[in-house]
Every structure is written in C-alpha cells, then in structure tokens.
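Student: In case you want the letters, here they are:
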Amino acid sequence: MSAIPLDIEALDTRSSRDGRADRSFKWLVGIAGVFVLVSLVAAALSMLWGGRLAFETFGFKFLWTDAWDPVNQQFGALVPIYGTLVTAFIAMLIAVPVSFGIAMFLTEVAPKWLRGPVGAAIELLAGIPSIIYGMWGLFVLVPVLSEHVYPWVDEHMGTWPFVGRFFAGPPIGLGMGTAGLVLSVMVIPFIASVMREVFLTVPGRLKESAYALGSTRWEVVWDVVLPYTRSAVIGGIFLGLGRALGETMAVTFVLGNAHELTTSLLMPGNSIAATIANEFSEADSEMYRSSLIALGFVLFLVTFVVLTVARLMLRQLKKREGT
Amino acid sequence: MSRACHIANIALSSDGYGMRASTRGVAPVSKFQSLRTTTLTLALVLAGGFASAASAADVTGAGASFVYPIMSKWSSDYAAATSKKVNYQSIGSGGGIAQIKAGTVDFGSSDAPMKPEELAKFGLAQFPSVIGGVVPVVNVPGIQAGAMKLDGPLLADIFLGKVTMWNDPRIVELNSGLQLPAKKITVLHRADGSGTTFNFVNYLGKVSPEWKTKVGEGTAVKWPTGIGGKGNEGVAAYVKQIAGGIGYVEMSYALQNKMTYTRMKNAAGNFIVPSDDSFQAAAASADWKNAKDFYLVMTNAPGEKSWPITATNFILMYKQPKNAAGAKNAKDFFTWAYANGDAAAKNLDYVPLPDALVQQIEGYWAQNLKY
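Same order as they appear, the protein sequences are chains V and S. Position 114 of the first sequence, counting from 1, maps to 114 under our numbering, and the rest follow consecutively. Position 122 of the second sequence, counting from 1, maps to 1122 under our numbering, and the rest follow consecutively.
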C-alpha cells in the first residue's frame, strides 16, 4: 500500500524534470531559429554600413544608373543587377523543367537498377566546385556555342519581331546566354536531387490508387505526386534560384565582365557577384570599395525581393487551385 | 581609411598573414574594433597553419602579380645564399599599396607608381624593381607573331570601339603586305583592376587625346567596348579563343602562350618588336634623373628602339617603419637582388634595371631609408 504515494512522488519529480527539459529545449531551438534571423539582419546591416559612402553619394540613383567608371568615381548598379536577374532567369527557365524530368524519370520511369547510379551521379554533380563549371564553360561550351550555335541564333532568331533583339549579336560565345546555360547545369543537381528525395516520400498507396483509377504516369506525377510534395519542391527550386543569383566563379568565366547595358543574350554583361569578385581586391579608392560593398547589399536586396515575389506568386497560384 | 584597413586586414589574414595582421595591425579603430577582433580571431583560427610560417619569414611583401615569378625566384635564391626568408604574396598592385599603407608588410609593390605628394602623406619611399613590357596580342587568322604593325592612335581607336573591322583602311594602310580578313574586332581587356591595365591605358592616353578625355587612366577604367577577362591569363585565354580578338598582356604571358603579339610604332616613329632589347632601350632612354621619388611611367619613351608600352614595377617602403628589422631585411634583400638577380630576371623575361638606375636607387636609399 505504501507503494502508491511513493510512486506519485517519483512521478512528480519526473514531470517537473521533464518540464524543465522541455523548457530548455524550447529555448535552445528558439535561439537556433532566431540566430538565422539575427545573422541575416547583421550581414545586411554590415554591408549597408560598408556601402554607406556610395549610398550617401549616389542615393537611390545607385540602383538604376549604368555608370561604372572608377576613373571618374561614378558608380551605378544597373548593369550588374540586370545581368544577375537575366542569367538567373535563363538558368531557372532551363533547370526547373529539366530537373523535374530527371526526378520524374528517377522515381517513376527508370528501371530499378538504373535509379541508384543516376541518382548518385546527380548528387556528384552538385559537389563539383563552381570553378570547374566555369572552366568547362569557357573551354568546352564557349567554342561549341560560338562556332555552331550562336551564328545560327544570330542569323535566324535575331530577325524575329520583338524578341529578335535578345538573340542578335556577335557570336563570341561569351555572354549572358552562356552564363545562364552554365548556371542551369550547376543548379540542376540541387533542384533534381531535392525533387527526387521528396517524390520518394509520396506514399505508394496514393500512387497505386491513382493508377488503379486508370491514371497515366504523367497524371500520377502531375496530379498526385506534385501536389503532395509542392512545398518541398518549391524549396528545392528556391535553393537553385539562390545559387543562380549568387554564383560567382563560373559566371565570371563565361559572362564577359563588361559594364555595358545590352538586351542581347549574346553580348557580354556583368553580374553583381562577378563584379565584386573581380574588382574588390584592386579597388583603390574609398568610393570604389564602398560601391562594391553597396553592390553586395544590393545583391542581398535583389535575392530577398526575387524570393519574396516568387513566394507571393506561388501563394496566388495555390489560392486559385483552392487546395 | 578605417574601413580600408579593416578590409585589408581580412584579405591579408585569409592569405595566411593572420599572425602579423593581429600583432602589428593598424592604428586603433574604434567603430570596427570589436568586429575586427572577431574577424581576426576567426582568421587566425583559419590561418593557423600558415601563421607560423608567415611569422618565420624575415621579410614580408605583397603586391603586383606581375613580379610574382621573379620575386619567388629571387627569394629562393636569396634564402639559399643568406638563409633569410622572403615571403611575397601576389595580391595585385592595389592590394600591395593598401597593405603597405596599413603597415602589415615590410614592402608593397605596384605596377603603377604612387605620386610623390601621396608618398609624402604616408611617409613612404618608392623605387623601381624590374622592368617588363605590355604587348598587344591579336587572334587574326593567318597572321604570325610580330607580323602586324599598329600605331598608338590606331590602337586607341580600336579600344575606343571606333575601328571595328580587321580590314579597316587604317589597319590595311600600315600592313600593306598582309592579307587582312573582313572580320569583326573583339576587344578584350582586364575585368579586374591591374597595373598592366594602368600602363596600357596610360600609353593610350599619351597617344590619343580622345582616350584621355573620354576614358582616362587608372588600374580600372570604364571600357568603351569589349569583354573583360580576369588576370593576364584570363585575357590570354579569351584572345586565344575568340577569332578576331585583340587584347593586351604582359610579355611573358604572350611568350608562354605562344600568342600573336604585334609590332608597335614608337615615339621616334619606328615599328618595334617587343623584346628584352626594346624594353631595355626604353628603360635607358627614360629620364630617371629628374623623376622625384622615381615617379615615372615609362610608356611612350623616346629613343629609336624603345618599346612604347614598357612598364616598371615599383617597391613601396616606409621611411620610418614600425618594424625596423623587417624593413632593414627588405632593403638588404633588394640590395642583394640588384647585385645578384639579373640572370634570374632575364630567364623569366624581365629586364633588370640599368646600372646607373641602381646607383641612383642606392643613393635614394641613403637619403630616405635610414635603417
């Protein structure tokens, strides 16, 4: 009989101990979460502080002037911003459908024995340093494009109404189109392997029922697998987009690094990350250095705005679907 | 200056100088102190392995990549002769100036000289180390190295984007014997700031008034046209790859990569092939005697045989250094290099300084570097 009060006492101490552990665990993960926010804001603020000379001097004009003249100390971020957005856009345009195809092939179509090796190859691709992609772009892709692809593009697509100006230009091989291509190859493994992983989490029973109702493979992936994994797929796409926006080394090799505003994808341009990487170590005046740091802050803003807009768009889409 | 030093320190630390940057850093900087300390601590951890090696060096220097090959050859020879170690970091001319201003190295080096007023402001002394040349390189089908002739104004107009075809009448006129294709000219230049660029655009400014007013001179400029490559090797790679390309590189890069360099018309009106002799001729005809603090850009030098885009590398040192022992060691190193380093320099396609200039430098040291 005396066992019961003893037990209650033990349970009491245990539950209070558990409560303490729970609270401290809550604090711990809370701190980890807040840490991300704090470091994000701190990074942005320190760049804003470093670029204050440029922002004070040029004001908001810094964002939409295309001057980049170290001799006369005139700086504007338009050309690099434009180049960053355009190359990332091209990269996503190619990478998202291709990655979707890869993931779908690996989870639904490919024979079992092939899934392992191809999946491993995709993950291996993600691990290749970006400078290797840059060298591959410069020494392999550029000659092929400049000899066989871009002359045709210039001749045939350059004359199209409205969009022709995107494709007209000298077939040098270096430029925003090439940079976009190289970027797409670089982000495909990220997006594809995330997509593959989440496609694998879809319960077999769901897919089987869809098949049982007479769905084709495409219908199963498009109407069952994709809606089920939407948020994770979007996460993967954002991971790729983030890399495309901030990629430096590979882009520097094939972009042409010219501070010229041009609509043609065949012409050289510049991106924010490439400009900073190229010019930072030799920036010989306060204003020059400050402008480069300011450019870093702008990259921060651009990434933030692009990701926010993308999220908002996706939310709209979701609403329309009513899911 | 505060931010500059701060950044300079980070860059330096990541190069393996963490120890030096932290022990000899810059004058106290209130706002950045804590941030800097954190960064330096981090850098120290990262640089751990290198730090001991860096502090073991008797002389530390940083700057122009142009002289990196000869600096490393000299320092290994010097170590063999005297068992003293010289550690030179190739971080670019702008970086060299920033590092010596910050006092984190015993000497800095730059392919563009600093103006005497600016030297005085920081208490720095300046003297030349070796001479080299910047050469235009082209990729025109069927044209051999040294075959094409160009003159200064024409080169400037090509880089201004005014002459756009290889069969332009002005190029044809200079090259009557050559078969020039109707190919578009693609201009290739440096994407990063560079002493090579400084000497090249300085020359263009001297021969073309339009270049001087429109673009001006500096280690980085607003290029009117063309594509940027990173480093000498970047420009060389692009020129080799793009048919119809024209760029400019240090002579050794042109030779190593077997590139098609051009002849240039010099100030005396002769077409000159770039070579050690024509660089030496430019060095000999330059008026060093009247150059205060050796502030002299050797481009467009007079003299029958002078190569017009001859460049000098300059060494920057404090007149009153914080680390007197290191500075003295650096001075000893250059004394040794001037006396014993000529053969090594020639082997690596540099031109050693003429003897008269070395004597002038030693006189300058006696006046300015009293350690």
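Rather than coming from a laboratory, the hints here were simulated on the basis of the structure. Where is the CB? At the ideal position from N, CA and C, for every residue including glycine. Certain hints may be false.
No more than 35 Å apart at the CA atoms, straight line, and that leaves these computed lysine-lysine pairs for DSBU-like [what the hints assert, rightly or not]:
hint	chain 1	residue 1	chain 2	residue 2
1	S	Lys-1121	S	Lys-1162
2	V	Lys-61	S	Lys-1305
3	V	Lys-61	S	Lys-1322
4	S	Lys-1115	S	Lys-1183
5	V	Lys-61	S	Lys-1121
6	S	Lys-1214	S	Lys-1183
7	S	Lys-1305	S	Lys-1184
8	S	Lys-1073	S	Lys-1305
9	S	Lys-1305	S	Lys-1292
10	S	Lys-1322	S	Lys-1115
11	S	Lys-1265	S	Lys-1322
12	V	Lys-61	S	Lys-1214
13	S	Lys-1212	V	Lys-61
14	S	Lys-1206	V	Lys-61
15	S	Lys-1222	S	Lys-1084
16	S	Lys-1162	V	Lys-61
17	S	Lys-1115	S	Lys-1305
18	V	Lys-207	V	Lys-319
19	S	Lys-1346	S	Lys-1212
20	S	Lys-1085	S	Lys-1149
21	V	Lys-319	V	Lys-26
Okay, the calculated bits of chain S under chain V, using three or more residues with CB under 8 Å as the criterion [as the list claims (entries may be wrong)]:
hint	region
22	1089 to 1102
23	1144 to 1151
24	1180 to 1192
25	1237 to 1244
26	1337 to 1345
Student: Run through the hints listed earlier and report the numbers of any the structure violates, in increasing order.
Tutor: Result: hints 1, 2, 3, 4, 11, 15, 20, 23, 26 break, sorted rising.
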